[in-house]
Amino acid sequence: MQLNKVLKKKILIDKAFTIILICAMIIYLVPIISIIYETVSRGLPALNLDFFTKPIPTAGEEGGGIANAIQGTVISIALASLIGIPVGILSGIFLSEYRELKITSFIRFINEVFHGIPSIIIGLFSFVLISKRIGFSVLAASFSLALIMIPIVTIVTQESLKMVPATIREAAFSLGIPKWKTTIFIVLRGAWQGIVTGILLSIGRIIGESAPILVTMGFYRWWFSGLDRPVSNMALNIFIFAMSPFQNWVRLAWGTALVLLVLVLLLNIIPRLMMLRREVRYE
Amino acid sequence: MSDYKIIVENVSAGYNSNIVLRNINLKIPQRKITAIMGPSGSGKSTFLRILNRLHELTPGAWVKGRVILDGIDIYDRKVNPTLIRKKIGMVFQKPNPFPMMSIYDNVAIGLKLNGIKDKKTLDEIVRRSLEIVGLWDEVKGDLHRPGTMLSGGQQQRLCIARALAVNPEVILMDEPTSSLDPISSMTIESLVKKLAEDRTIVIVTHNVQQAIRLADYVAFFYLGELIEHGPAVEVFTNPKHELTLKFVKGAIG
Ligand SMILES: Nc1ncnc2c1ncn2[C@@H]1O[C@H](COP(=O)(O)OP(=O)(O)OP(=O)(O)O)[C@@H](O)[C@H]1O
Ligand SMILES: [Mg+2]
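If you're matching them up, the sequences are chains A and B in order. Mapping to numbering that gives the first Met the number 0: the first sequence position 77 is 76, numbers consecutive. Mapping to numbering that gives the first Met the number 0: the second sequence position 121 is 120, numbers consecutive.
There are no misleading hints in this set.
Far from chain B by the CB rule (all over 12 angstroms, computed), these chain A residues:
1. Val5
2. Val127
3. Ile154
4. Val249
5. Arg250
6. Arg271
Distance ranges between label pairs, derived from CB positions:
7. B:Asn24 - A:Leu100: 34 to 42 angstroms
8. B:Leu82 - A:Leu89: 26 to 34 angstroms
9. A:Leu89 - B:Ile115: 23 to 31 angstroms
10. A:Leu100 - B:Ser39: 30 to 38 angstroms
11. B:Gly249 - A:Ile102: 49 to 57 angstroms
12. B:Gly249 - A:Lys101: 46 to 54 angstroms
13. B:Ile115 - A:Leu272: 36 to 44 angstroms
14. B:Asn22 - A:Lys101: 33 to 41 angstroms
Source of the hints: derived by calculation from the structure; they are not laboratory data. Note that beta-carbon positions come from the ideal geometry of N, C-alpha and C, so glycine has one too.
Please construct the entire structure, taking both the sequences and the accompanying hints into account.
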């Protein structure tokens with residue numbers, strides 16, 4: 000009798016717990032699915048050839064697209080990558096391959112600090128350092144994006160290099176290959192897929208940043224006209240357009256949101272697929 | 000020229016406060032196979048890695064004493080370890096072809112990174128190295144495929160070809176067959192014999208039978224000490240030390 004009661008109670012607790020878990024799942028999934036649903040259903044009608052090829056219309060004007068925002072975003076990300084990727088990879092190499100050097104712990108510290116700073120503060124830093132001197136500019140914006148990128152690329156590079164077994168390095172040394180060549184031509188090569196993954200993830204991160212864009216170059220809806228001038232930016236445009244009273248701009252905001260959503264999803268899925276392939280190959 | 004390629008004098012070594020090798024003295028004969036035997040943890044790998052200055056790359060590792068290669072103390076301050084390692088190749092316990100690299104590049108990379116660019120020279124050396132290890136006919140159509148795609152035994156032969164390509168005078172092998180199947184092991188063993196015709200081989204092995212089959216000269220390590228060394232025939236038929244006898248009979252190890 001007693002035992003039966005205990006058992007029943009246990010089963011009840013078990014069931015209750017399962018229900019709580021399911022509820023939590025629902026609370027988590029419903030917003031995600033509705034965000035995706037809403038973005039797709041409102042964004043899709045905005046997408047057509049004009050959307051990708053025509054420049055941003057003036058407030059209240061009909062038609063147009065976001066071509067200059069695409070151009071501006073590509074330029075910002077390219078510039079940010081130009082700084083962020085090499086610096087991130089080099090720092091990652093330092094952290095992984097030159098552990099015995101004193102400066103390593105300093106770099107690690109800087110890296111952790113940067114990784115933890117809210118992007119708006121990085122934006123303000125870039126504003127003070129660059130925008131205040133040469134004005135709101137794509138240079139200042141890209142610099143802040145690079146600062147967001149660097150810690151991510153650094154960490155992923157470091158982790159990928161660590162996954163390359165020590166005997167690979169020793170085999171290279173045993174061929175009389177110096178350490179720096181070993182690192183660049185052999186170890187880095189073995190870690191390349193992991194590093195590309197990190198780069199894609201970091202691009203996925205900065206493509207959606209709007210706060211640092213706002214404070215370093217602000218809203219701008221024309222074509223690129225120099226590094227010391229602003230460019231248009233998709234993520235920031237979503238904010239500006241959506242808040243505006245103009246129906247056409249709101250339409251463009253949803254379209255842009257959908258494009259960004261797809262891009263970010265791709266940037267997150269592609270590395271995962273690459274990882275799967277890598278696991279298969281290494282086995 | 001002395002008959003000895005490497006002379007080890009009063010070498011002690013360890014990691015941090017641990018002493019792993021105590022006062023080792025050993026002469027390694029030119030163009031012969033020297034087998035390093037001993038139970039697990041006796042310091043065989045450490046000893047081998049001291050010979051090409053890999054040991055010092057392990058954090059906390061230290062060495063004392065002298066290791067003389069062709070009359071030069073390789074631990075002299077003026078000596079560049081990279082140059083030493085060019086003369087002394089190494090083959091590891093587990094096959095370790097370079098990842099994301101073709102079979103061809105695995106063999107050619109040592110030359111390429113040491114400044115040899117001429118395609119014809121590279122092709123020729125790659126081919127010759129793969130021929131020596133008996134891999135050429137098996138892979139000549141697949142030179143562009145990743146080295147990691149080969150079977151374990153083939154990978155180990157690829158690693159030997161990679162070492163051969165830079166033409167080392169000494170080849171160190173740390174239990175090169177212990178992760179392989181018996182047939183691949185036999186292939187590697189006959190290869191080792193062939194290599195010793197014009198190179199000095201130092202091979203670590205757990206396996207007494209393998210040492211009997213291969214070695215011209217034997218050194219037996221136990222708990223960091225060199226217990227006994229000498230020509231293989233003597234050590235195997237008439238060991239002077241009781242521990243050696245026990246090890247050869249399979250009672251320890
Ligand atoms: N990286 C290291 N750090 C600290 N101690 C180590 C390290 N490598 C080896 N040792 C210690 O040194 C001793 C000798 O190790 P070594 O690998 O040279 O032995 P071995 O004879 O090659 O053994 P095995 O037959 O198992 O390969 C062991 O006690 C081991 O614990
Ligand atoms: Mg060992």
